[in-house]
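Line by line, the protein sequences give chains B and R.
Taken in order, the first sequence gives residues 13 to 330; the numbers are from the working numbering.
Taken in order, the second sequence gives residues 1151 to 1662; the numbers are from the working numbering.
Bear in mind the hints are in silico, worked out from the structure with no lab data behind them.
Warning: the hint list may mix true and false statements.
Unchecked claim - Rough simulated footprint, nothing fancy, chain B against chain R, three-plus residues with beta-carbon under 8 Å:
(1) 1535-1543
(2) 1585-1595
(3) 1640-1651
To be verified - Short, incomplete list of chain B residues facing chain R, as computed with Cβ under 7 Å:
(4) Pro23
(5) Lys25
(6) Met34
(7) Ile157
(8) Cys298
Ideal placement from N, C-alpha and C gives every residue a C-beta, glycine not left out.
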Amino acid sequence: MWEYFKIFSNPKKLRERGVLGMNARNYYIIGQHNKRSLYPLVDDKVQTKMLADKININTPHKIGVIEHQYEVKDLLRIVEGYSEFVIKPAHGSQGKGVLVIKNFANGIFTTASGKELGFNEVYKHVSNILSGLYSLGGQYDTALIEELVHFSNVFQNFSYQGIPDVRVIVYKGYPIMSMMRLATKESDGRANLHQGAVGVGLNMRTGCANNAVSHNLPIATHPDTGADLMTLQVPMWKEHLMIGALAFEMTGLGYLGADIVLDKFRGPMMLELNARPGLAIQIANCRGLKEVIKNVDKYYPKGLSAQQRVDYVLNNAK
Amino acid sequence: MKKKICSVRGILAICLFLAVAFASFATYYKIAHWGFSFKPHEGTEIWTVDAHISFIPTGEPIEVALSTPRLGAEYKILSEDVVAKGYTITKDEKNHRMIMKSAPKKHKQDIYYRIMLYDNEDVVGKIRDYNKPKVTKPTFESEQQRAMVEEIWKLAETQKEGTSAAKIIKLLTAEVLKPEVDTFLPVKKSQRIMAEKIMYLLSYKNIASRIVRGVKISEKRREAPADLMLEVYEGGKWMVYNIETGAAGLPKNFVVFQRGGVSLYDVVGGRHSDIKFSVIQSAVSSFKMAGKRAKYEDSRVFDFTIYNLPTLEQNTLKWLMIFPLGILLVVLLRNVIGIPTMGTFTPMLVAMSLVRTGFCAGLICFALIIALGLLIRTLLTRLNLLLVPRISAVVIFVILIMQVLTIFGYQYDIRIASSAVFFPIIITAWIIERASITWEEEGAQNATKQIINTSLVAVLTYFVISNTYIRHIMFAFNEWNLVILILVMQLGTYTGYRLVELKRFAPLIKEK
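The shape of chain B in the complex, shown without the other chains:
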């Protein structure tokens, strides 16, 4: 009986480690720093993309937007001339409803996992997106068609299919914690930790791997590719952090998560922003968020520009 309770950790010890819980995140962090009226800016990817373009944050180029069911049949016309693209719901979350087309030729759509789909199936997928299947709360949605990211070869050995991305948590404009999410066989090409993806905590100064977890347990190598995760280093680290810092300027959200991918040709690109980023990043970094947030509140200077904040983090982050 007592053994069973040992799976629960002592809340006092968690507090000492500065671990942020869901309730505390919602109450102190999101409730205090994220104005409700700002949510649509990040919940709607079309809007996010427009804002990002204004402030010169790199995002994948937009191919087209489908807003109404009757427009779905125009899909072929919209993607004409593109052999690869991504269809995603504008209000989706956690990568739900994202359809990656690696190759489109002769009316056949080949997905990232190699599945071949006919127009009917893609048509159904888009109309599902429009009817709100993947959106928060199930309201009507729009489908966003973007260029495919040519993700950098740097991470080839570290990910089993899928696009590895960097999640940066930004508090009051300071990037405070980050991790890289690597898809596994189990996660089916997705980068969500609860679906079995690997999370690698990154050093805020260097972008080097600090710690890696899979299913909440520390690991040293990728379960599918066998790559040594501790050798992972994200190139163009400063640019990654800049996207995070600019996202604060762009949205005004005091606490946000920026998902960034590294494109072979165009460098780091912002995929999406999240006004309520999850807490798994703490496990990947083996570090509590509250502890860092306290430091920011106490010691980090106020009123700096995005560039200055990134420099500050690069020099002072612990």
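Given the structure of chain B, go ahead and fit chain R onto it with the hints provided.
Showing chain R alone in chain B's frame:
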């Protein structure tokens, strides 16, 4: 930042304190004044006692006086009513008499006095009285008479137990009377004569006693004369004796109308007067009774409570009053424990229908509907339907499944199946839709996990909201819902870890 939150919590803490104080007071008030109880009993026994006075007028102005039971003495009085057409009715509170006056009348008069009484827990059969009553010693017409009395007292004293009064009464009420006693008593032994004889004997030994008139409450008592009891002054208290059995103490079912010297009733301006008593027993729901009590106590508050509503509305509210507790449970399970379920209040809705269907039957039906629904949903996937029509199709399928289950349940007399009707159709359809999407996206394992989570929370909620005690308490003492409201709001400021997070974040402290 922190200060602001502290003040929010502070305000809520004060609110909680006030709410608890209010709820406690209201609970106390309901128990003390309206007779509510924590136990859910179906009804309380109440007795309707009718005193029927009839007489023939003599042609003079009429004045009828009737001794009435004292309020709160033995029985508690629910209502008191006089039916006397053309009479002016006044109540003499001091002497506990109802006085009815009228101008001369011609025909036979019938006056009804009706009281409704309930519970006699307070009956003690002893009435404190520190003023020692005066006793007039009997005068004897002859020495023979005195000898007879002394003889009887001697006989009485041979008994070992009891006070002298008890001994005398026992002697005189014995089934087989001693010859001495038999000669002392007249042949016709009415209650009244017996009482007078005993009083006579007692007065010889300077013991005060008096006659008590009232009604023995028992069912099917119709138009019977008043019953008599004897009260004897012993050690500063009036002790009641039954003159038929000799037993001491006021019987549980005796209602006293009149005591001592005053008459039970007087009729001026009438002859051939008579009084008869009828008793009807009935059971009344405690809430209905509370209303009667409250009315008797002149409490207007009761009119504005849910207990004064028609039964139909009451039952609906009784059903609603349990939900705040269920909601509190859901909040606890989600924000403190951290169990993820499909939809916030879906488990509660399922629990609600479980109450309607019965536990096992409901669960089996629920499982059956979900399983069949999922099967049909997978078939629908292949048809490439849009979301809204697809969900609508699932809804219709759910309705059809319920229909089939009900028909088969009826035909083959399987009671379980016929309870299917009570499931909320839309919610069930949504559970199927959500489960099927989870199934597709996150695999069968996650989908089953979610369904099981939802069912577990539903079962837990079911046990809370189906408990008769909890339901009764939440209805009878509905002011506690205010406390629940504040508690839920307080939980809105709970920023500690959820139980599942203690497990989730465990690697963080194991590391270093």
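Checked hints:
1. By the rule of at least three residues with a Cβ nearer than 8 Å to a Cβ of chain B, the coverage given for the region 1535-1543 of chain R holds, with 3 such residues.
2. With 3 residues carrying a beta carbon less than 8 Å from a beta carbon of chain B, the region 1585-1595 of chain R meets the three-residue requirement, and the given coverage holds.
3. Coverage of the region 1640-1651 of chain R by chain B holds in this model, with 8 residues showing a Cβ closer than 8 Å to a Cβ of that chain against a need of three.
4. Among the interface hints, the one on Pro23 (chain B) holds; its C-beta lies about 5 Å from the nearest C-beta in chain R, closer than the 7 Å criterion.
5. Of the supplied interface hints, the one on Lys25 (chain B) holds, with its beta-carbon coming within about 5 Å of a beta-carbon of chain R, less than 7 Å.
6. At its closest, the beta carbon of Met34 (chain B) sits 6 Å from a beta carbon of chain R; the interface hint therefore holds under the 7 Å criterion.
7. Because the closest C-beta pair between Ile157 (chain B) and chain R is about 19 Å apart, greater than 7 Å, the hint is violated.
8. Annotation: Cys298 (chain B) was flagged as interfacial toward chain R, and the flag holds, the nearest CB pair being 5 Å apart, inside 7 Å.
Taken one by one, the earlier hints fail for this structure only at number 7.
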